[in-house]
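Sequences and hints are given; from them, build the entire structure.
Numbering (our numbering), first residue to last: 194 to 412.
Heads up, some of the hints might be wrong.
Straight line, CA to CA, 30 Å or less: simulated BS3-like cross-link-like pairs of lysine-lysine [claimed, not checked]:
#: 1; residue 1: 244; residue 2: 261
#: 2; residue 1: 299; residue 2: 310
#: 3; residue 1: 244; residue 2: 263
#: 4; residue 1: 361; residue 2: 347
#: 5; residue 1: 263; residue 2: 306
#: 6; residue 1: 386; residue 2: 410
#: 7; residue 1: 310; residue 2: 248
#: 8; residue 1: 343; residue 2: 367
#: 9; residue 1: 343; residue 2: 353
#: 10; residue 1: 244; residue 2: 299
#: 11; residue 1: 361; residue 2: 385
#: 12; residue 1: 247; residue 2: 261
#: 13; residue 1: 258; residue 2: 248
#: 14; residue 1: 255; residue 2: 271
Simulated restraints, written as ranges between beta carbons of each label pair [as the list claims (entries may be wrong)]:
#: 15; residue 1: 324; residue 2: 351; range: 36 to 44 Å
#: 16; residue 1: 324; residue 2: 259; range: 39 to 47 Å
#: 17; residue 1: 363; residue 2: 331; range: 27 to 35 Å
#: 18; residue 1: 257; residue 2: 300; range: 20 to 28 Å
#: 19; residue 1: 342; residue 2: 306; range: 46 to 54 Å
#: 20; residue 1: 313; residue 2: 235; range: 36 to 44 Å
#: 21; residue 1: 348; residue 2: 374; range: 18 to 26 Å
#: 22; residue 1: 366; residue 2: 387; range: 40 to 48 Å
#: 23; residue 1: 324; residue 2: 289; range: 42 to 50 Å
Source of the hints: derived by calculation from the structure; they are not laboratory data. Remember, predicted model here, so these are calculated numbers, not experimental data. Don't be surprised by glycine CBs; every beta carbon is placed ideally from N, CA and C.
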Amino acid sequence: MKIFLLAFVLFNSSINLLTSQSQEVNRQMSLGIQNGISVSIPNADDKLINKIWKKYTDDYGKLNKNKKAKEVFIEGAKIKSIFGELPMDLYAVIEDQSIIVFFDIKSGFLGSKDHPKEFAEAQRFITEFGYEVQREQVRNELEDEQDKLKQFEKNLDKLKKDNISYNKDIEDAKEKIRKAEANIITNGQDQKKTVSEIESQSKIVDQVKNKLNMIGKSK
194 MKIFLLAFVL
204 FNSSINLLTS
214 QSQEVNRQMS
224 LGIQNGISVS
234 IPNADDKLIN
244 KIWKKYTDDY
254 GKLNKNKKAK
264 EVFIEGAKIK
274 SIFGELPMDL
284 YAVIEDQSII
294 VFFDIKSGFL
304 GSKDHPKEFA
314 EAQRFITEFG
324 YEVQREQVRN
334 ELEDEQDKLK
344 QFEKNLDKLK
354 KDNISYNKDI
364 EDAKEKIRKA
374 EANIITNGQD
384 QKKTVSEIES
394 QSKIVDQVKN
404 KLNMIGKSK
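Given below as structure tokens:
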């Protein structure tokens with residue numbers, strides 16, 4: 194019952210993870226207060242988000258750091274689904290289990306008001322990134338759980354080997370008992386034989402003693 198409840202909780206938490214959507218925000222970045230797209234990724238640390246963002250945008254240019262502004266950025270990125278062959282500069286702020294991405298299209302920053310179609314594509318782009326982070330989270334979780342499963346299987350193998358060893362010990366002990374029981378019977382028989390031999394030999398000894406005592410008394 195406890196296992197079922199745990200599985201139910203994990204299943205529902207996974208569903209909750211995968212329903213997060215990106216949204217438009219207006220906030221401070223290195224080039225002032227600008228339009229951006231934000232997505233929250235529950236339980237994802239900043240290091241993981243940064244790692245997946247670098248991988249996710251690898252085809253669009255080199256990811257650079259602006260340590261002072263705590264941003265990462267790509268210059269001249271061409272994302273066909275968003276802006277065709279036109280280059281954009283991408284700025285990303287990663288903090289508190291979320292990422293905010295600003296799309297600098299040279300004439301300003303991408304927003305839903307001035308570029309609704311392109312903005313919708315950018316939202317899809319960022320939402321998909323959020324899902325990719327969540328996939329990586331689940332892949333990591335799967336790897337951890339598979340490692341635990343392997344450990345359980347390893348423990349079971351050891352228990353099975355121990356069981357075989359214990360049964361062998363029992364069979365060995367039974368064989369020892371069988372031999373000991375046979376030895377007890379033989380020992381009993383040998384004792385009877387030896388008692389009989391002692392009795393016979395005692396008679397012989399008595400006869401020899403009498404013989405000794407009779408020497409010189411025949412007159």
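Comparing the hints with the structure gives:
Proposed proximity of residue 244 and residue 261 is supported: the alpha carbons are some 19 Å apart, at most 30 Å. Between residue 299 and residue 310 the alpha-carbon distance is near 17 Å, which keeps this suggested pair within the 30 Å criterion. Restraint check: the Cα-Cα separation between residue 244 and residue 263 comes to about 15 Å, which is no more than 30 Å; the hinted pair holds. Proximity of residue 361 to residue 347 is assessed by CA-CA distance (about 21 Å); at most 30 Å being required, the pair is judged to hold.
Restraint check for residue 263 and residue 306: the C-alpha separation of about 27 Å stays at or below 30 Å, so the hint holds. Restraint check: the Cα-Cα separation between residue 386 and residue 410 comes to about 37 Å, which exceeds 30 Å; the hinted pair is violated. The hinted pair formed by residue 310 and residue 248 meets the criterion: a straight-line CA distance of about 26 Å does not exceed 30 Å. Distance restraint check for residue 343 and residue 367: the Cα-Cα separation of roughly 36 Å exceeds the 30 Å cut-off, and the hinted pair is therefore not satisfied.
For the given pair, residue 343 sits about 15 Å from residue 353 by alpha-carbon distance, which is consistent with the 30 Å threshold. Between the alpha carbons of residue 244 and residue 299 the distance comes to roughly 27 Å, so the proposed pair stays at or under 30 Å and holds. Using a Cα cut-off of 30 Å, the hinted pair residue 361 and residue 385 is violated, with the two alpha carbons roughly 36 Å apart. Straight-line distance between C-alpha atoms of residue 247 and residue 261 comes to about 19 Å, which keeps the hinted pair within the 30 Å bound.
Straight-line distance between C-alpha atoms of residue 258 and residue 248 comes to about 15 Å, which keeps the hinted pair within the 30 Å bound. Straight-line distance between C-alpha atoms of residue 255 and residue 271 comes to about 12 Å, which keeps the hinted pair within the 30 Å bound. At about 40 Å, the CB distance of residue 324 to residue 351 agrees with the hint of 36 to 44 Å. Against the hinted window of 39 to 47 Å, the Cβ-Cβ separation of residue 324 and residue 259 comes to about 26 Å, which falls outside the hint.
Between residue 363 and residue 331 the beta carbon distance is about 47 Å. The supplied range of 27 to 35 Å is therefore violated. Checked against the hint of 20 to 28 Å, the C-beta distance between residue 257 and residue 300 comes to roughly 22 Å, which is consistent with it. In this structure the supplied range 46 to 54 Å holds for residue 342 paired with residue 306, their Cβ-Cβ distance being about 51 Å. Distance hint check: the CB atoms of residue 313 and residue 235 are about 24 Å apart, inconsistent with the given range 36 to 44 Å.
Between residue 348 and residue 374 the beta carbon distance is about 38 Å. The supplied range of 18 to 26 Å is therefore violated. Under the hint 40 to 48 Å, the C-beta atoms of residue 366 and residue 387, about 30 Å apart, miss the expected range. Under the hint 42 to 50 Å, the C-beta atoms of residue 324 and residue 289, about 19 Å apart, miss the expected range.
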